[in-house]
Each structure stands twice: as C-alpha cells, then as structure tokens.
Amino acid sequence: MLAAHLLVGALLFALGLVGFVTRRNLIIIFLCTEMMFQGIILNLVAFGRYPLEGPPTFDGQVFSLFLIAVAAAEAALGLALVVLLYRHRGTLDAGAWTTLRDE
Amino acid sequence: MTAATSILPAGLYATLPLWPLFGALLVGLWIALRVKPERAHWPVVLGVLVSAALAVTLFFDLQRQYAAAPETHAGGFVYSVYNWISLGQPASLEHNQWLAVNFYFDGLTGVMLLFVTVVSLMVVLYAVGYMRDHHGHPERGYERFFAFLGVFVFSMITLVLAGNFVLLYLGWELVGLCSYLLIGFYYGKPAAAAAAKKAFIVNRIGDFGFALGIFSLYWFLRPYVQPGENPLDYAVVFKYAQHLATAQIGGMSQATLVSLLLFCGAIGKSAQFPLHVWLPDAMEGPTPVSALIHAATMVTAGVYMVARCTPIFGLSPLALDVVLAVGMVGAVLTATMAMAQYDLKRILAYSTISQLAFMFVGLGCGVPDSAVFHVFTHAWFKALLFLGAGSVMHAMGGIIDARKFSGLRHVLPQTYAVMWVGCLALAGFPLLAGFWSKDEIVHAAFERHAAVGIIMLATAGLTAYYTFRMFFLCFHGPLRLPAEAGEHPHESTTMIRPLWVLAGGAVLAGYLGVSFGGPASESFLAIFRPHGLIHDFLHHSTIGHPEHGHGGLWLLYLSAGVALAGIALAWLRYGAAPVADPDARALGGLWRLWHAKYFVDEVYDALFVRPLRALGRLFFNTDNYGVDGVIWLVTAVPRGLGFALHYLQRGALQAYALSMVIGLVAILVLWSWWT
Amino acid sequence: MQDPVVFRVERILRSPWLIFGAGAVLAGALALALWLLFPLYKGLLADPFWFPILVMAIMLNLILSSTAICILAERKIAGFTQDRFGPNRVGFWGLLQPLADGLKFLLKEDIIPTQVDKPLFLLAPAMALIISLSGFAVIPWAGEVRWPWAPDTLVSTQVASLDIGVLYVLAVASLGVYGVVLAGYASNNKYAFYGGVRAAAQMISYELPLGLGLLCLLLTSGSLRLEEVVRQQAQSGMWYVFLHPLPFLLILVSSFAEANRVPFDLAEAEQELVGGFHTEYSSMKFALFFLAEYAHMITGSAVLVALFCGGWAPLPFSSWLADSTAWWALLIKLGAYLAKVAVCIGLFMLVRWTIPRFRFDQLMRIAWLSLVPVGIALVAGTATLTVLGLQRTWWACLGLNLVALLGMLWTAARSGRTVTGRQDDLPDIHVEPA
Amino acid sequence: MPILLILMLVLGAVGLFLALPGGRADLSRLGLLVLAIGAALLVAGLTQQLAGEPGQALFAGCSLVALLAALRVVTHRKPVYSALYFVLLVVAVSILLVRMQAEFVFGALLIVYAGAILVTYLFVIMLAQQARPAPYDTRSREPLWGCLAGFVLLTQVAAYVYRRPASEQAAVLPRVGGDAILNVATPLLTHYVVGLEIVGVLLLAALVGAIAIARRPAATADEGED
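As you go down the protein sequences, you meet chains H, E, U and Z in turn. Taking my numbering, the leading residue of the first sequence gets 1, the next gets one more, and so forth. Taking my numbering, the leading residue of the second sequence gets 104, the next gets one more, and so forth. Taking my numbering, the leading residue of the third sequence gets 779, the next gets one more, and so forth. Taking my numbering, the leading residue of the fourth sequence gets 1213, the next gets one more, and so forth.
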C-alpha cells in the first residue's frame, strides 16, 4: 500500500538526512544526498502506482527519471569538486572547508 | 516586356547577387574548417566570375530586347523572388500589401551591373596578388578579406537590382557595413579603426535622411495605392509620383521633401560636400578596397539612387537645384583640395569626390543618362588608377607619399604604362573614356547656364592638372626610392594583369556612349556623335528620357583643349618631379588652405565632436557620481547589516544543513499542531 | 627419464577410443536415466511454470561447462596462432585438459593474505561470476516452442521475458565492473589497486559506446524486448548487422572492453601490473574470476548475436523457421544460436592472440575520441532515419553507416595522427621526491 | 499502530545515535543490533498493510535490505563499504520499483546509479584512499541533534501518512497493462517533453562544468596542509 512505501521512502530520506548532517566525509555526505534521492524516487513511483484517486499514473515514474538525471548531474559536478578539493588539501573532511575563499 | 524572350531564364538572372555570397559563405566555412588560406580566394573569385558572366549576358540580353521593341519604354522586367514583409493589417491578410524581394532589370540596372561585376572581378583578381607579402604568402586575414569582398559584391548587386526602396535600403546599409568592415580591415591600426568608424558614422547621418525619405514616401503614397500594390515598389512609386508634385507639405511640395531627404542619403554614400570627410580617411583600407568601394562601386550608389529616382526628382525643380549646387560646390572644392595633397590615394580619393560631384551636376542639370554614363566610364579608369596606386604602394613597401619617391617609370614600367592610360582618361584626354562622358556633363551644364558650364570646364581643367601633377611626381624625374621599398622594387604579374583589362576599359568604355557616323567633312571629332548606345539603352529605363540635344563640336574641342592645357601646365611645373613643390610657393596661403582641406574636419570637430563629447562627459559624471552615489547609499544599509550579521556564519557546511533541518522540522511540528 | 607407469597411464589417456568411448557411455547413461526417470518428471514438464527454470538449469550448466571447453579452445587457438600444438598431453588432442585444469584449481592452496579487506576479498570473485551470469536471463535461446507435453501453450525458451530486456542487459553489464574493482581494492596491493582503478575507468568509458550502439539498434527495432528483436530479424531475414555494421562494430569493441579481454585487458596487464586485480587471488577464487571472464564473453556474444546476428534464425536473408514452433525447429534454432555464439567467441579468441594490448591512454582515446563521437553521429543519423520512416530500409541505413565511416576516415586523415595518439601526446610525468 | 511505530522510531533513533561513528565500539555494535531489530519489526508491520497484494515477501525482503543497507551507509566507518552498501540499497530499491511495475525506472536506476554513479564514487574513494582510517571517518558531527531532527521529522511524516483513515486508502490495484516502456515513454515524450529537454541541457551543463572543474591544473596541490 501507499503508506508502507511512503514510510520506507521517508525512512531512507531521514537516514540520508541524518547522515548528511552527521558524517564528516565529503563523499559520504554526497552518498547521503543520493540516498535521499532514493527515498524520493521510491515515493514518487509509489504515488503513481497507488494514487489517492483514479487509475495508476506514470507521472511519478517520469519524475523519478528526471530525478535520476539530476542526480547524475549532481554526482558528476559534486565528485569533480570533491576531487578538486582533495587535491587542494589532501583531506575529505567537510570541516576543512569553512571559507569559500581560495587561499 | 516578359522574360520569355531573354537568353537566360529570368530566375537565373535573379541569382546574380547570390554567387558572391555563396563564395563568401564558403570562405567562412573554409575558415571554420581551417583550409589552407592560400586558396581561400577561389570561392569568391568564382562567385564574382559567375555574377560577371551573368551581368554581361544580362546587359546584351536587355539591349537586344530593347532593340527588338524600341517603342516600349516600360523597361526590362521584374522578377519577384518571394514575399518578404507584410505591410497590411494582420486581420486583412487576403488583400494585403506585401513587400516583395523583387529584382528590377532594366537599362540602368544593366549598365550598373556591367561595370560593378566586371570591375569587382578585376579587383578581386588583383587582390589575390595584392594581399600577399613579397614571398607570396597571404597576409593575416586573407580569407576574411575575400569573404568581406564577396559579401560586398553581393550587397552592391542587391542594391542595384532592388525593385523596391526597402530592399534598396537593405543593400544600401549592407554596402555601408561592408565598407566599414573593409576600411577597418587592419583593425589593429588605430588610424584604420578610426577611419572605419568615421565612415560608418558619417554614412549613418546621410542614411538617416535617406530612411526618413523612404518613410515619407511611404506615408505620402499610401493614400493613392490600390490594394495589392506595394507603396514602396519602384513601379508603384513612379506610377503615382505625379501626385507628389501637387501636394504641399511645410511650404514645399511633397516631391521636394522626399527628394531632398533621399538626396541626404546620396550625399552620405557618395561622399558629397558636407559629408565628404569620410572618403579620404577611408584610404586606410587595403587598396583593392579603395578601388572597389571608394571609386568604382559603392560611392556610385548615391548617383545610381538619384538617377533611379529621377521621376521623383524631376518633379521638383528646387531639389534639382540643390543637387546641382551641391555637385558644383563639391566638384570645385575637392578638386582644389586634390591639388595640394601628396598622398597618392588621397589625391585619387578627392578626385573621386570631384568626379562624383560632376555626376551630381549632371543629375542636377536633368541629364541622368549622362551622369550614369560618367559613372560607367569613371568606374573603369578610377579603379585602374587606384589599383595602379596600389601597385606603386606594394612596390614601395607601403609608402604612398609622393614626396618620398619619384622616377618610378624605371622600376615599374607596366604600372607606368597603365597609369598613363588611367590619368589620360581621368584628365579627359580626347577619345578616351573620360573625355566623352565628362564632355556631356559639361555640355548639359552649359545648357543650364553659362556660369555653371564655365565652372565645370574649369574644374575639368583642374582635374587634368592635379592628375598629372600626381603622375609626374611619381613616375618622372630622377629615380628616388624610400628605404621601405627594399632592394629591388618590382611589380607583381598577378596584379598587373587585371590592370591591363581595366586599361582596356578606360580606353574603350566611352565608346558605348558615342555613336559613329555623321558628316566627316566637318572635322575629325565629328565622326563621333555623343549619345550612343548607352543613352538609347538608358532611355528605356525608369530614368525616363530627358530632352537634350547633343553637344556642339565647339565644346568637344574646348574641353579637349582645357584638358591638354591642364596636362601641359602640369608637365611644365612638375615634369621633372621637383622635390620642392612649386605650387606651394606660388600659391602661398591659398595652397595651405587647400592642403588643410579647407579645415572641414576641424570645423566639424569644433562644431559637433567636442560639444558632444562634453555632453557625454556630463552624463557620465551625473551617472557615475549622482545616480551611482544614491545607489551606493542604498547598498550601504544591507552592507552594514551584513557586517553585523556575518558573525553568525561559521562556514561549516553541515552546521548550516543541521540548522536548516531543525528549522524544517520545527515548521513541520508547528504546522501539524496548527491543523 | 620418465616413470614407466606414468607413461603408460598417459598413453591410455591419450587414446581417442577411451575419450570418445567414455563420452558415448556417459551420453548413453544420461539418455537412459532420462528415459527411465521420465514418469517422475512428466508432471513437471506438463506445467509451463517449470519451463523457464528448466531452461535456466540447462543453459547454466551448458555455459559453465562450456567455459571449460572455451579454455581449451583458447589454448588451442593460441597454439594455432603461434604455430605450435597447444595442449595435447592430457587426453586425446588435449581433450581432458579442462578437467586437469579444474582439478589443479581445486587442489591449489587457497591463500588469503593477512592485510586484505577480507569480506570484500571474498565477495569480489563471487560477485564477478554472479553478475556475468545474470545476463543470461533475458536471452531468447530458441524462440517460442509448442511444448509436446502441454500442446495448448506456447512457451518461450527464455528465463525471463522482460519489457526492458536490452536495458536489463545494459544494467547487468554496468554492474560487471564491481567484481574487478572490489578485487582490486580489497587486495591491499598496489598493482591490484591500479588494476581496479583502471577497470573502473575503462568500464565507465566503454559503457557509452555500448549504449550508443544499442540505441541505434533500438531505434531500428522499436522494441527493447530481445525476443522481439530476434523475431523481427528472423521474419525479415535482414539481420541487423547488415543494416548497422558500424553499431555492430561499436558494440563488439565495447564488449571486448567490458569483458576485459585483450586488447583491452589493462586491468590485468601482466607486464605492467603483475596480475592486475587478481594478483593476490589463488586457487578456486582465481578460477572464479577466470570463469567469470569466460561467462562474460559468452553472455556478451549471446547478446550480440541476438541483437545483430538474428539470434536463433538459422539463415540470413530468409525467414525459414521464423514462425515454426515445432520441437525439432527448436533444436535447429538452438543449434544455430549456439553456433553463432561459438563463431563469436572464436573471434574473441583470435583477436586476443593477434592484437597487442593498448596503452591506457590509447584505450581512453579510442573510447572518447573515436567511438563516442561516431556513436553519437550514428544515433543522430538513425534517429533522423526513424523520423523519416526509413529505419529498416537497407540503403538508408547502409548509407548512413557509409557516411559515418567516411566522416570518421576523413577526420582521421585530416588530423593526420592516429586516433590512439602517440607517445608525444602523453603529459609529462613529474615524479615528486618522496 | 502509530504508538508501535513511534516506539520503533525511538528505538531506531537511539540505535542510530549509538551506531554512528565516534562512540564506543561495543555500544556501536549494540546500536546496530537495536537498529536491525527495529527495522525488522517495522518492515514486518508495514508488510501487514500490504495484505492481499502479491509480492509481500518481496516487499518485506527488499525494504528490509534497503533499510539495513541505508543504515550501514550512514554508520559504516569505511567509505568503500558505505558505497557498496549503497549499491545494495540501489538494488533493493530498484527491485521494490519492479514490484510496483516501474521496470523502466528499475533499469534506469540500476544503470545510472549502480552502473555509473556509484562506480564513480568508488573511483573517487579509491583515489582519496587513506592508509589508516581517516579521523573524519571515525567521528561524527552532532550525532545527537542529527538523530533527534531525523526522528522528529519521521514522526511528523508518519503521523501525516497515518492520519488518513485506512478505509480511504485505495484498494488493491490490478496489474497495469501495456508495455512498461511505452507507459513511461508516452508521458515523458509528450507531456513532459520540455522538461526532458531541460534535463538534457542540465546534463550537458553538468558535463561541461565537471570537465571544466576537473581540467583545472593541480598546480595548487602542494599547498595541501598535511
């Protein structure tokens, strides 16, 4: 049913959120955002499959495809930035970057 | 007359402008694909060649058609390519007025296209040799140059072929643009960039009047046109032009207003007196450009346009007087300026303005066919002279000042020979091209008023004098060479070959305007009667057929005499190419006035440029300190706030994330309590 | 000096009579057993539910055992290429060599180094094999068949008939990298690590041309179902390799890279990286990698055959057997399919022993500067053809391929250098002092 | 149900707090145990709601695997394992999607996430590999507040989800017909075609951006602090 899927999605999202806030490794932070995406994709597809009214629709799947594309873009840019940052400081600690200036 | 009787289908003639454009686009493609620049001229050469072939065919085709039906004065044919701009209300599209892209083929077009394309072809061929260094390597921007040339030829043909005023304006602006691009071809050189800018801006001033002229034409003619007729089409305009003569606006007839506004454009494009200042500066461009744009084709657009609009101009005696006055003043002034210059190309540039002024005098005297005839002959020998000057310049390593060298006949024999022909033709030496056409204008001037005729005759004498002054300074006297010329100055074969073709044109072009026959008993010249083929031909075009008899023989002898006198005087004073200029000493203050070009540029600078610049500075300061100051004050508030608040920022990404999450959760909790 | 006993045993083993006799006896025993046990499994056969499982079991066994044969074939082909005999000691013509190899793998000492990341070290070979085998699920081995024991139902000789068949293949192929990467990472060995990193970069790069080639095909076929693609080819007789030779080559090259085969076996380049990602592996775990490579090759060939070479269609340019669902047709179709796969694998092996390995930068250049642009051009062209409705017209497709090929050659000729680049193109290496 | 749910969420929050890196190892193991139990109970409870629908076991198994994998992604101290658990998570989620007849999304998810994105992650993790466990991987930042925020968020979401009476929730739906590809492709290429184009542009921009970032010379690499 819808609620079960929604809850699983919410759990994934919340776990991703907690991970995003608590973990220090930049790569894991990115992984956690991807995890939130997973939760959302699950929710979107579930909404399409178990609509509140009317027949099942496929808009949720379409949106999740968009999400996947966005996630791919995000991963490409994010990882490129992570590599760049790692080259600068030799660390993946998010706390090592507290200024946006290039020193 | 339909195209059915023509040699080639009308659609093929309508492709005339496109070939050089294709060539130019192809060159652009080659640039993009990085094809070797040495061969980049080929597309344009071929494109112009095809156009020239079509134009020559068209000329004889039209001539054959006119000869076949001399009684039909409605000339040529119109080829409509497609509907371009809708002039009507969108609601009534069915009886809409469409501005078509239509091409007008008649006698005037035929003559113009004949020399435009053929001279262009010669210039392009010449440029293949000119735009290279002494080792035959193309200089930087070689491909770009040819692409521009192609676009230019396309624009010029479009201008000439245009069947309505909007298309004419399009071509008009396109040639202006090409002129800008080509004058500024050496954009790294500040003088060239400034000259390009100057040419563009000065032209804009004229074009503003021209655009107003077209607008007013549209406005005045709109009430008369029938549905389906385009009020800017030539045929429609000339059909209803009579109405303009009677209607009054602001104390003058509408025809006068329209003519004067249109004439503004002609003044700008043909560099006539008040707006002539751009042309001499435009000599900063490469010499082929000077030859092509500033002697043979683009500057003649003004003459062409006024000739084309004869049905309008003819309705307004006042407008014709203005044309005549501007032409006269310009002819005399620029001829005198030319007498006191040393820069070869500048002398030729002033001479061009002077000759164009001759044409305007012809137009003002109501003999547009003579004016167009002069355009036609002038194109050949002036292109020849310019290219000859370019050959000198090429050999002298870029030096063009006549004081720096002399006696070049020893090192540049072929250039010397063709320059002889060109100078003689320009000076109006009997039986050469310039003689015939100039004589017709002088004759028309005499018919108008004796004073006008005398002035024009005197100017013709001046022309002969300064032309040969320049010529002797360069080619006669002892051999002196500037250091830049290198060890062995020589002329390039690639460049000389087109010159010979043009020299042939300079000799023979005049004979299209004369017809043979007449009583041989009278004199030698009497076997030639002016008003030959080209006049018959032009009579059939929209120019109409102005009434004038043919010149008396006395005038032919007189002008020949004046020309010879000018040449002889120049020989006496400059035959030995003296280092010190005898004129400068003899004429004193007058000479210095001429040398300074009557201080026109300085006057403009004081009258327009400086006040405008001061105004601009005022605006700048107002904006920079007044307006921006207010904005700065406004920004000071958030800046201060930001300074106060920036301590809240720790810079740790995850701290922000956490606070965002906590905020989100708080909102959620509050919201769920609320509902 | 040889031990006479060993000599005698060897001579017996090398006798063809023994090999073929034993083979015949085994086959007869199997047939007898099947015949005798028929009442026991008759019920199962009548229920179409079991059929996919049956197919799975049979094909899985077939593939796993054929890897052994593949290894023998590989060595024989290597011998042929290098003008020597290849294995000819164990059994007649070396036919028992696979058995010996397997025995060797089983009996070797299984070493797990101390510093490895143990869970991943163990997981890696399993993952490699599992993923390379899961591609089989969607391969339509022999079309549809009317099951003699349940005559009313048409069953598909396919484990799973998915709407997204080709997508599934792509997905599984894209997972194939994990085995190698994990092995490289877990080994805690510099060489293995480099192998893993190389494999990751290589697989990601070569997935693009693979996907682009598949796109061309899918635009033509209009269906992602493999069985549908095969059916189209079988019915029209126009195998897609005739329509799309360039995409076929694209996918062929990419599957070389995906299977980590020469000339793309940078992940295990012996000369540079000792053994690459499997340096630290021994015994059966190494055998699993070996097995995975061959399984990957077989899967790749099977997919390639299904997509481009008409799958089970026995003859090109004819629709023979296309609509037949008889059981004997099934045998012919399966035979045709397996024969094509065998030819494909033979090609893989010939290439391995003919072409030298690329340098890593060359490998990347081939993917990004050559295959991907061509692939994009082909996809764009095929999409245009599809819009025009010409996607199954042979002259349009071949024209497109020809244009793409000429474009490729022209660009290559213009640039005046090889696609793979030269030594001069490599960036300078700055070795920093430790 | 909500009471039980909240109880399990509390259990999960406490477990997560214990299991996040930084605490004592035995407590962490305990936390994981608690989490696993909580997740199993939760999934069991959720599965009950699917009564009457086929594939309950699939749902139960996959969501349990997904949740456990997600927990390990968040709590594991080695980034490589996090990434691998994420692969597991993706596989589990994609199977859940197949159960909901979203085959195309399943394929896309596997290809894009497992096949491309995660491999890239692994690649980067390997590039940035440290000899010993890095200090920033063994300690977490504000675990208490993070867990608390996540917990409250979840309770709110759960409360909202379960506010609807069960009777209003849609009945068991039949299998959707039609080709899985066509079902997705038709709205995607008709109704959402502009969005599709925009996403294409976005991907291109990301590609260009990533190349621009990555191509920057590593001239400043020696400025690294340690």
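By construction, these hints were calculated from the structure, which means they are not laboratory data. From the three backbone atoms N, C-alpha and C, an ideal C-beta is built for every residue, glycine too. Treat each hint with caution, since some may be false.
[As the list claims (entries may be wrong)] Some chain H residues close to chain E (C-beta under 8 angstroms, calculated; not the full set): (1) 17; (2) 20; (3) 21; (4) 94; (5) 95; (6) 98.
Interface hint status, residue 21 of chain H versus chain E (Cβ within 8 angstroms)
holds (5 angstroms)
If you take the shortest Cβ to Cβ gap from residue 20 of chain H to chain E, is it below 8 angstroms?
holds (6 angstroms)
Please check whether residue 94 of chain H passes as an interface residue: C-beta within 8 angstroms of a C-beta belonging to chain E.
Hint on residue 94 of chain H: holds, closest Cβ of chain E at ~5 angstroms, below 8 angstroms.
Chain E contact restraint on residue 95 of chain H - CB to CB distance below 8 angstroms
holds (6 angstroms)
Hint residue 17 of chain H vs chain E: min CB-CB distance below 8 angstroms?
At about 6 angstroms, which falls below the 8 angstroms cut-off, the nearest Cβ of chain E leaves the hint on residue 17 of chain H intact, so it holds.
Does the CB of residue 98 of chain H sit less than 8 angstroms away from some CB of chain E?
holds (3 angstroms)
Hint compliance for this structure: every hint is met.
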